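Just so you know, the sequences run in chain order A and B. Taking this note's numbering, the leading residue of the first sequence gets 1, the next gets one more, and so forth. Taking this note's numbering, the leading residue of the second sequence gets 1, the next gets one more, and so forth.
Source of the hints: derived by calculation from the structure; they are not laboratory data. Hints are supplied without guarantee of correctness; some may be wrong.
Calculated Cβ distances over 12 Å to all of chain B for the following chain A residues [what the hints assert, rightly or not]:
hint, residue
1, Thr-4
2, Lys-5
3, His-22
4, Thr-23
Using C-beta positions, here's what the derived DEER-type ranges look like [unchecked claim]:
hint, chain 1, residue 1, chain 2, residue 2, range
5, B, Asp-231, A, Arg-51, 41 to 51 Å
6, A, Ser-20, B, Pro-19, 48 to 58 Å
7, A, Ile-31, B, Leu-248, 26 to 36 Å
8, B, Glu-95, A, Ser-53, 27 to 37 Å
These numbers were taken from a predicted model, which means no experiment stands behind them. C-beta atoms are modelled at their ideal positions from N, C-alpha and C, and glycine is treated no differently.
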Amino acid sequence: MNSTKRIQVRLNGKDRDVTSGHTVQSLLEAIELNPLAVVVELNREILDRNRYSDFDIREGDTIEVVHFVGGG
Amino acid sequence: MTTTDLRATPEVSQGLDNPLEIAGVTFTSRLIVGTGKYTTNQIMVDAIRASGAEMVTVAVRRVDLDRTKEEAILHHLNPQEFFLLANTAGCYTAEDAIRYARLARAAGFNEFVKLEVIGDDETLLPDVQATVEAARTLSDEGFKVMAYTNDDLVTALRLEEAGCVAVMPLASPIGSGLGVVNPYFIREIKRRLEVPVIVDAGVGTASDACVTMEQGVDGVLMNTALAAADDPVRMAHAMRCATISGRLAFLAGRMTSREIAVPSSPRVGMLD
Numbered sequence: 001m002n003s004t005k006r007i008q009v010r011l012n013g014k015d016r017d018v019t020s021g022h023t024v025q026s027l028l029e030a031i032e033l034n035p036l037a038v039v040v041e042l043n044r045e046i047l048d049r050n051r052y053s054d055f056d057i058r059e060g061d062t063i064e065v066v067h068f069v070g071g072g
Numbered sequence: 001m002t003t004t005d006l007r008a009t010p011e012v013s014q015g016l017d018n019p020l021e022i023a024g025v026t027f028t029s030r031l032i033v034g035t036g037k038y039t040t041n042q043i044m045v046d047a048i049r050a051s052g053a054e055m056v057t058v059a060v061r062r063v064d065l066d067r068t069k070e071e072a073i074l075h076h077l078n079p080q081e082f083f084l085l086a087n088t089a090g091c092y093t094a095e096d097a098i099r100y101a102r103l104a105r106a107a108g109f110n111e112f113v114k115l116e117v118i119g120d121d122e123t124l125l126p127d128v129q130a131t132v133e134a135a136r137t138l139s140d141e142g143f144k145v146m147a148y149t150n151d152d153l154v155t156a157l158r159l160e161e162a163g164c165v166a167v168m169p170l171a172s173p174i175g176s177g178l179g180v181v182n183p184y185f186i187r188e189i190k191r192r193l194e195v196p197v198i199v200d201a202g203v204g205t206a207s208d209a210c211v212t213m214e215q216g217v218d219g220v221l222m223n224t225a226l227a228a229a230d231d232p233v234r235m236a237h238a239m240r241c242a243t244i245s246g247r248l249a250f251l252a253g254r255m256t257s258r259e260i261a262v263p264s265s266p267r268v269g270m271l272d
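So that you can see chain B by itself, here it is in the shape it has in the complex (with noise of 0.2 Å):
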């Protein structure tokens, strides 16, 4: 299978999903991956082409002087066939994510970036009020910014105002693997929002993903999930699959589930 044939979602030309648009900018893939720790750039490239996915993360580093050539990600994924999302991971500062936003800006591909400013080290969760604060700050100078959060509705409303052209909740921590584990705070934060809500983060498996997309959210964005598969091209598969399987069901309004059977089959029309 070509990359084009997995981009080519029949979901979007028959008409049964309508493509996802951040800032004006449109993608026919509801799935962003991450390209981080995986064993072999191979493996990277040939995984994210099979997830489907148009957007992918990089993240900004030094130039290691001694060995540039393997590590350099432009290297390996070109950048006419997907739309870089530059993050500021690694960041514990609004001053610092606001350096790394400036620096991801002027490689020249666009204004996008996805906020990270990380508060606490063992969870990794977000220091949400720094996180508003480089919000603000960036959305000023014309980035189009797209902020990893916590699940909590107030913060997600607070980076609306901030002029954020996304909001990614976390389903759970990065790199857990635990799936989602607020989805009432996950819908809350879809209902209130105007902006795309993408869950960003602690995708495990197939059936995640699944979940994280019936809560009527606009896309999800992981990572760990395939670069730590044992097979992460067969993981891009089913993740792909499960992206749309759970993005159509959540369209499709689920029957009223009941604690008791209800058969399907006629209780009329039985012989003696």
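Chain A on its own, in the form it takes in the complex (with noise of 0.2 Å):
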């Protein structure tokens, strides 16, 4: 297995190379966001957050990490 090969996926608006080989789990543990404190669309899927780990990234994955901010 090649552990150095990337992917390109658009996160955040933002396009990125990531490693492959990630769940949705371990992206995020790897940009350092607390899981049980954000929410995760992936490819316009709301996932649930109990199950992060069963979703793997993959090539032109579009990401979407949202939180609560400041509103009225």
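From the two separate chains plus the hints, produce the assembled complex.
Right, here's the structure in full:
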């Protein structure tokens, strides 16, 4: 297995190279986000946060990671 | 003063008022506040505690992957202490508002959403057609929809029919601080709807909150009036008092106003 292979994804509106083989869970950990403090949409599908490990990140995926901010 | 003191509203415990109930959830405070635009998070938390509000609004946004720690509201606000009402602020279509509401619900706190679909960028007035459409879809999906709308009675009735658990007409445009520009229509909406009516947006100062509650509505929602005050914490205390004052004045039933003077002291018994 070539562990250094990189794939391109669109993460929060920006194109990013990430290591292949990530799940949503491991990607969040890699970018130092608490998986329990965010909500993730993968290719417009909202994911169950208890199942982030079940979703693999693939080339060309669009990922949105959101949270609550101040608002009225 | 502690948070508990501010929330232990004697008005409710003394039987002067009933608690506010929205879709089976009970609130002793009739004031709902936003969390946006404060200069610091500490001032936000202090102001919200001073307001006595139990329900607070939050927005759904992308995590800024370069600096995440400061902006996440839940680093500062304890979700055990406040009932979080996520909004769909910034959405201009029913589809977007539905998407944001679903994202908010996936955060796992509750099924409530403050539905907001903006129709005009300059006035931030709502797109009422899209709001009704989104309200129907979200209600069908089990959301408890509290819909921001204008002060139009027919739209308010449609939103109630669509399944909204509260209808929230504006006092005046968002962030304007103009107060209640149309008290008559606010009263009409309150008179005709069965679900709670919460006036949302436009309150500028304490007298506006008081006048709002004097119309007989169930609650008032504000953000900028606190966040943009010179002293948000002091203004939050003022808003808490004004909301209670207006509510009690409404329940008490005001005297009939006249355009002539009537003395308060007896006319008889005067000395020669």
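Review point. Quick check: which numbered hints come out false for this structure?
Key: 7
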